[in-house]
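Enquirer: Now for the letters of each chain:
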Amino acid sequence: MLGRIHDLLRGVLRSPAFRYLRRDIRAKIGGTIVLLVVFTAIFAGFIARHDPTAQSKDILKGPSWQYPFGTDGTGRDVFSRVVYGTRTALIIGTLLVVVQTLIGVPLGLLAGYMGGKVDNLIMRAVDAVLAMPGLIIALAFVAIVGPGLYNVIIALAMTGWAGYARLMRGQTLAIKEEPYIEAARAIGEKDRTIISRYVLPNAISPLIVMVTMTFPAAILLSSSMSYIGLGVMPPYPDWGYDLNAYKQYMGDPMPGPLLTILPGIVMVITIFGFQFFGDALRDSLDPRLRE
Amino acid sequence: MQFRFPGGMYGFILKRLLLLIPIFFVVSIVIFLLLPITGDPARQVLSGQGRQDVTPELLENIRHQYGFQRPLYIQYLRYLTGYPPADPAQGENALVIPKGLLRGDLGFSYKYQRPVSSLMLEALPQTLLLTLTAFVIALAIGLIIGVISALRRKTWVDYTFMGSAIFGVSIPFFWQGMMMILIFVIWLRWFPIPTAGEHDLMYLILPAFTLATHETASLARMTRSSMLDVLRQDYIRTARAKGLRERAVVYKHALKNAFIPIATLLFLRLPFLFGGTVIMEVVFSWPGMGRLLVSSMGVFGSPAKDWYVIQGGLLMFLILAVFANLFADIMYAYLNPKIRYGEGR
Numbered sequence: 003m004l005g006r007i008h009d010l011l012r013g014v015l016r017s018p019a020f021r022y023l024r025r026d027i028r029a030k031i032g033g034t035i036v037l038l039v040v041f042t043a044i045f046a047g048f049i050a051r052h053d054p055t056a057q058s059k060d061i062l063k064g065p066s067w068q069y070p071f072g073t074d075g076t077g078r079d080v081f082s083r084v085v086y087g088t089r090t091a092l093i094i095g096t097l098l099v100v101v102q103t104l105i106g107v108p109l110g111l112l113a114g115y116m117g118g119k120v121d122n123l124i125m126r127a128v129d130a131v132l133a134m135p136g137l138i139i140a141l142a143f144v145a146i147v148g149p150g151l152y153n154v155i156i157a158l159a160m161t162g163w164a165g166y167a168r169l170m171r172g173q174t175l176a177i178k179e180e181p182y183i184e185a186a187r188a189i190g191e192k193d194r195t196i197i198s199r200y201v202l203p204n205a206i207s208p209l210i211v212m213v214t215m216t217f218p219a220a221i222l223l224s225s226s227m228s229y230i231g232l233g234v235m236p237p238y239p240d241w242g243y244d245l246n247a248y249k250q251y252m253g254d255p256m257p258g259p260l261l262t263i264l265p266g267i268v269m270v271i272t273i274f275g276f277q278f279f280g281d282a283l284r285d286s287l288d289p290r291l292r293e
Numbered sequence: 005m006q007f008r009f010p011g012g013m014y015g016f017i018l019k020r021l022l023l024l025i026p027i028f029f030v031v032s033i034v035i036f037l038l039l040p041i042t043g044d045p046a047r048q049v050l051s052g053q054g055r056q057d058v059t060p061e062l063l064e065n066i067r068h069q070y071g072f073q074r075p076l077y078i079q080y081l082r083y084l085t086g087y088p089p090a091d092p093a094q095g096e097n098a099l100v101i102p103k104g105l106l107r108g109d110l111g112f113s114y115k116y117q118r119p120v121s122s123l124m125l126e127a128l129p130q131t132l133l134l135t136l137t138a139f140v141i142a143l144a145i146g147l148i149i150g151v152i153s154a155l156r157r158k159t160w161v162d163y164t165f166m167g168s169a170i171f172g173v174s175i176p177f178f179w180q181g182m183m184m185i186l187i188f189v190i191w192l193r194w195f196p197i198p199t200a201g202e203h204d205l206m207y208l209i210l211p212a213f214t215l216a217t218h219e220t221a222s223l224a225r226m227t228r229s230s231m232l233d234v235l236r237q238d239y240i241r242t243a244r245a246k247g248l249r250e251r252a253v254v255y256k257h258a259l260k261n262a263f264i265p266i267a268t269l270l271f272l273r274l275p276f277l278f279g280g281t282v283i284m285e286v287v288f289s290w291p292g293m294g295r296l297l298v299s300s301m302g303v304f305g306s307p308a309k310d311w312y313v314i315q316g317g318l319l320m321f322l323i324l325a326v327f328a329n330l331f332a333d334i335m336y337a338y339l340n341p342k343i344r345y346g347e348g349r
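Sequence order for the protein chains is C and P.
To convert a position in the first sequence, counted from 1, into the working numbering, add 2.
To convert a position in the second sequence, counted from 1, into the working numbering, add 4.
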């Protein structure tokens with residue numbers, strides 16, 4: 003087992019894609035941001051200086067050593083709330099990736115491999131879903147079943163799986179024509195084995211790009227939903243929810259607007275990091291662009 | 005004997021238009037089912053009105069007023085056509101019984117005490133105004149940035165533009181909207197405070213530009229890569245080889261061909277833009293369908309929901325999305341005579 007992981011890692015590190023990635027400025031900047039955000043989420047308890055839900059007598063204080071981003075209307079430390087917010091953001095991103103992969107990837111493989119009526123049926127559904135305004139459908143779903151972390155994930159996955167399915171179908175269609183698939187058929191491999199042992203591993207790199215790109219989209223959409231009030235609800239600290247709560251201080255004199263500016267900048271940098279890294283990753287895995 | 009559609013562009017458009025009919029039925033069934041499959045509709049209506057004193061008699065009363073006691077297919081028929089009409093003998097209230105989608109009725113809003121269709125008709129032009137203004141802004145700026153980036157490939161101009169494009173798609177609409185209000189309304193006082201009341205052009209500028217940011221950025225990226233693809237083609241080399249001026253090569257030959265994939269993607273992205281419009285309308289108190297829809301959804305966990313407004317708003321947005329796709333298809337067929345629109349796609 004360890005040997006296989008070692009081989010895999012060595013294979014990745016020696017691949018032309020990784021060599022390209024290491025020289026790409028976007029990958030350096032984006033990768034650093036992504037690592038920082040993941041680190042922050044894991045060690046939130048050590049980085050935050052206060053309990054994100056603890057109220058204090060220091061109400062609406064400006065940034066200081068004790069409260070790096072200041073305090074809000076109930077005396078909570080805004081920096082700690084932003085730090086813990088990374089957890090919510092990454093949990094939503096991760097679970098969304100898992101759900102969308104579990105629905106979209108098998109359907110895409112099936113459509114591409116089987117072809118004919120199955121393909122037609124699945125792709126009709128994919129086209130229909132992709133044509134719909136995902137955010138509005140997600141909002142309507144949450145309005146009906148109620149807000150909350152898991153409902154937000156289900157709501158976003160309802161339309162998000164279609165992109166995964168379309169990607170996997172395209173990959174499968176191309177891979178199906180490869181000689182090694184014909185060889186696998188010739189030695190009598192079952193369809194199931196061919197899909198899982200031959201098709202899937204060869205379609206993995208665009209899937210990795212898709213997964214990377216799901217994170218910024220998830221943070222963007224989920225924070226918008228919780229800003230409106232149809233998303234993540236307390237006790238999970240959420241950037242969108244907090245920004246909505248802090249917008250009432252925008253018209254106040256100076257420490258007031260900082261409550262919306264500073265957490266917002268952190269949110270934008272996070273999304274930007276994932277986006278930048280994903281962009282470099284996509285180019286690095288595309289041999290035509292690597293030149 | 006099979007009916008054959010007339011070939012060519014008109015046949016293609018006709019076929020696409022006919023396809024709208026089944027799509028409309030599927031969408032209407034899904035939207036109709038929203039209420040019954042998520043629980044007891046009578047209870048939903050009461051909690052939507054914020055009533056706390058729910059008694060079995062009251063539930064029964066509401067059930068009959070709204071006609072929920074009828075079988076589902078009768079209710080759907082009613083939702084679609086308004087038939088059978090309200091029956092006072094069964095306690096059905098003619099005001100709240102649907103009079104039929106096909107007759108342009110979307111139900112009755114108990115929050116506004118008005119027919120949903122008239123609310124929607126007031127809000128629709130506002131939503132279209134905001135979305136299309138943003139669309140045009142994005143188209144103009146995005147194309148220019150994309151073309152310049154492609155022509156100045158791998159120079160600092162290109163890097164700056166493309167870097168800001170990625171940054172542009174990283175800013176959530178709502179936060180950008182808040183910052184626009186903070187800077188241009190609160191600090192600089194260039195624009196009036198957003199309200200849902202009287203409007204003039206000054207109110208449109210901030211939300212339209214904010215909404216256009218994402219589109220501009222992604223359009224610039226699409227234009228750049230499409231231009232680069234085209235500039236690599238043989239006919240561009242030919243055009244250059246025969247001594248055409250660079251201007252003519254770029255604007256006559258390259259841009260025209262690069263525009264084909266862009267035009268299609270543009271319309272396909274409209275549904276995404278509608279999502280942004282909803283957020284913008286909430287942030288800037290813009291009196292469009294998005295704000296209407298969200299305000300009827302019971303935000304921040306409050307149970308007050310205006311069901312027919314949710315149904316109606318969703319229906320309107322889905323129809324807009326369907327039309328955006330129709331335009332994308334037609335545009336694609338029109339600009340790309342190679343596709344065989346005579347045969348079934």
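Hints are computed from structural coordinates only; laboratory data are not their basis.
A portion of the hints provided could be inaccurate.
[Stated by the list, open to error] The list that follows gives simulated cross-link-like pairs (lysine-lysine, DSBU-like), each with its CA atoms no further than 30 Å apart:
1. Lys119/C - Lys256/P
2. Lys158/P - Lys256/P
3. Lys256/P - Lys246/P
4. Lys260/P - Lys249/C
5. Lys192/C - Lys178/C
6. Lys119/C - Lys59/C
7. Lys19/P - Lys158/P
8. Lys30/C - Lys256/P
9. Lys59/C - Lys192/C
[What the hints assert, rightly or not] Listed below are several chain P residues computed to face chain C (Cβ distance under 10 Å; list not exhaustive):
10. Leu39
11. Pro89
12. Leu192
13. Pro265
14. Leu269
15. Ala328
16. Asn329
[Unchecked claim] Which chain P residues face chain C? A few, computed with CB under 8 Å, are given here:
17. Pro60
18. Pro176
19. Trp179
20. Val286
21. Gly302
22. Ala308
23. Ile314
24. Ile323
25. Phe327
All values derive from a computational prediction rather than experimental measurement.
Heads up, the beta-carbon is just placed ideally off N, CA and C, and yes, glycines get one too.
Enquirer: Would you mind marking each hint as holding or not holding in the structure?
Expert: Each hint, compared with the structure:
At most 30 Å may separate the alpha-carbon atoms for a hinted pair to count; Lys119/C and Lys256/P exceed this at roughly 43 Å. Restraint check for Lys158/P and Lys256/P: the C-alpha separation of about 23 Å stays at or below 30 Å, so the hint holds. Restraint check for Lys256/P and Lys246/P: satisfied, since their Cα atoms lie roughly 14 Å apart, inside the 30 Å limit. Only pairs whose Cα atoms come within 30 Å are accepted, and Lys260/P paired with Lys249/C is rejected, the gap being roughly 45 Å.
Between Lys192/C and Lys178/C the CA atoms are separated by roughly 14 Å; this keeps the pair inside 30 Å, and the hint holds. A threshold of 30 Å between alpha carbons decides the hint, and for Lys119/C with Lys59/C the separation of about 66 Å lies outside it, so the pair is violated. In summary, the hint linking Lys19/P to Lys158/P is not supported, as the alpha carbons are separated by about 45 Å, beyond the 30 Å threshold. Restraint check for Lys30/C and Lys256/P: not satisfied, since their Cα atoms lie roughly 39 Å apart, outside the 30 Å limit.
At roughly 68 Å between alpha-carbon atoms, Lys59/C and Lys192/C are farther apart than 30 Å, so this suggested pair is violated. Interface hint at Leu39/P: satisfied, since its Cβ lies 9 Å from the closest Cβ of chain C, which is below the 10 Å cut-off. This hint is violated: Pro89/P has a C-beta 28 Å from the nearest C-beta of chain C, more than the 10 Å allowed. Given hint, Leu192/P at the interface with chain C, is violated; its Cβ is 13 Å from that chain's nearest Cβ, farther than 10 Å.
Look at Pro265/P: its Cβ only gets to about 16 Å from chain C, farther than 10 Å, so that hint breaks. Against a cut-off of 10 Å between C-beta atoms, the interface hint on Leu269/P is violated, since the closest Cβ of chain C lies about 12 Å away. The criterion of a C-beta within 10 Å of any C-beta in chain C is met by Ala328/P, whose closest approach is roughly 8 Å, and the hint holds. A least Cβ separation of about 5 Å between Asn329/P and chain C falls short of the 10 Å threshold, and the interface hint therefore holds.
A hinted interface residue such as Pro60/P counts as satisfied when its beta carbon comes closer than 8 Å to some beta carbon of chain C; here the least separation is about 24 Å, so the hint is violated. A least Cβ separation of about 5 Å between Pro176/P and chain C falls short of the 8 Å threshold, and the interface hint therefore holds. The restraint placing Trp179/P at the interface with chain C holds, with a minimum CB-CB distance near 4 Å, inside the 8 Å limit. Because the closest C-beta pair between Val286/P and chain C is about 6 Å apart, less than 8 Å, the hint holds.
This hint holds: Gly302/P has a C-beta 6 Å from the nearest C-beta of chain C, less than the 8 Å allowed. Taking 8 Å as the C-beta cut-off, the interface hint given for Ala308/P is violated, the closest approach to chain C being about 11 Å. With its C-beta approaching chain C no nearer than about 6 Å, Ile314/P sits inside the 8 Å limit, and its interface hint holds. With a least beta-carbon distance of about 11 Å to chain C, the hint placing Ile323/P at the interface is violated under the 8 Å criterion.
Checking Phe327/P against chain C: minimum C-beta separation of about 10 Å lies over 8 Å; hint violated.
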